[in-house]
Amino acid sequence: SAVISQKPSRDICQRGTSLTIQCQVDSQVTMMFWYRQQPGQSLTLIATANQGSEATYESGFVIDKFPISRPNLTFSTLTVSNMSPEDSSIYLCSVETGLSTEAFFGQGTRLTVV
Amino acid sequence: RKEVEQDPGPFNVPEGATVAFNCTYSNSASQSFFWYRQDCRKEPKLLMSVYSSGNEDGRFTAQLNRASQYISLLIRDSKLSDSATYLCVVNPDSNYQLIWGAGTKLIIKP
Chain A
35 SAVISQKPSR DICQRGTSLT IQCQVDSQVT MMFWYRQQPG QSLTLIATAN QGSEATYESG
95 FVIDKFPISR PNLTFSTLTV SNMSPEDSSI YLCSVETGLS TEAFFGQGTR LTVV
Chain B
26 RKEVEQDPGP FNVPEGATVA FNCTYSNSAS QSFFWYRQDC RKEPKLLMSV YSSGNEDGRF
86 TAQLNRASQY ISLLIRDSKL SDSATYLCVV NPDSNYQLIW GAGTKLIIKP
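Line by line, the protein sequences give chains A and B.
Take any residue in the first sequence, note its place counting from 1, add 34, and you have its number in the working numbering.
Take any residue in the second sequence, note its place counting from 1, add 25, and you have its number in the working numbering.
No lab work stands behind these hints: they were computed from the structure.
Keep in mind that the hints are not guaranteed to be accurate.
Cross-link-like lysine-lysine pairs, in silico, DSSO-like; alpha carbons within 27 Å at most [said to hold, decoys possible]:
#1 A:K99 / B:K27
#2 B:K70 / A:K41
#3 B:K67 / A:K41
#4 B:K104 / B:K67
#5 B:K67 / B:K27
#6 B:K70 / B:K104
#7 A:K99 / B:K67
#8 B:K134 / B:K67
#9 B:K67 / B:K130
Kindly generate the complete structure, drawing on both the sequences and the hints.
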């Protein structure tokens with residue numbers, strides 16, 4: 035299994051500002067992902083965080099809006115840039131260890147943009 | 026058509042009843058299948074994987090029908106603590122990217 039620490043757990047931000055979310059894993063993991071979950075909806079994959087290279091973004095998500103870093107196999111950040119109220123959502127870090135296809139999640143970041 | 030579709034919710038079920046969730050997937054080449062549980066304001070957690078032969082874990086039974094591209098989850102003798110959203114998840118190939126259903130909310134009533 036993997037234990038994931040995601041910070042912050044929640045934040046209220048002004049529109050036009052940026053927020054960086056951190057995800058720290060207690061072991062080296064193969065795959066790290068960032069998801070968004072809007073109220074009452076399921077998870078939407080934003081991007082796969084690649085160690086040592088640019089993240090792979092899903093359709094509808096771009097690097098300028100959601101820059102991602104992954105400097106090593108245990109840590110990643112997601113930045114939500116130039117925020118608007120439409121960015122209000124829960125953002126979740128997820129990892130897969132490579133030993134199985136089970137996904138482990140951080141506790142989520144509940145973002146409110148005002 | 027969505028890649029993974031689930032029964033719309035919420036399901037309101039009395040305690041002790043049996044409840045079944047259904048899920049269909051569009052990619053016939055999908056490799057792996059899972060049910061996750063998500064409690065209110067919490068992250069999803071794996072409930073059980075779904076194997077071709079069907080599998081059971083206590084009160085929970087999962088079944089897979091590849092011909093119909095259909096997955097089910099059965100909960101027997103439901104408890105109040107079973108109240109949650111149940112997410113059907115499919116791995117369409119070997120690249121670890123999971124496809125998530127919209128989830129079915131279950132409410133167990135005393």
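Each hint tested on the structure:
With a CA separation close to 26 Å, the supplied pair A:K99 and B:K27 stays within the 27 Å bound. Between B:K70 and A:K41 the CA atoms are separated by roughly 19 Å; this keeps the pair inside 27 Å, and the hint holds. For the hint pairing B:K67 with A:K41, the CA-to-CA distance comes to about 14 Å; that is within 27 Å, so the pair holds. Only pairs whose Cα atoms come within 27 Å are accepted, and B:K104 paired with B:K67 is accepted, the gap being roughly 19 Å.
With a CA separation close to 25 Å, the supplied pair B:K67 and B:K27 stays within the 27 Å bound. With a C-alpha separation of about 18 Å, the suggested pair B:K70 and B:K104 falls inside the 27 Å cut-off, and the hint holds. For the proposed pair A:K99 and B:K67, the alpha carbon gap of about 25 Å is at most 27 Å, so the pair holds. Taking the CA atoms of B:K134 and B:K67, the gap is near 21 Å; set against the 27 Å cutoff, the hint holds.
With a CA separation close to 14 Å, the supplied pair B:K67 and B:K130 stays within the 27 Å bound.
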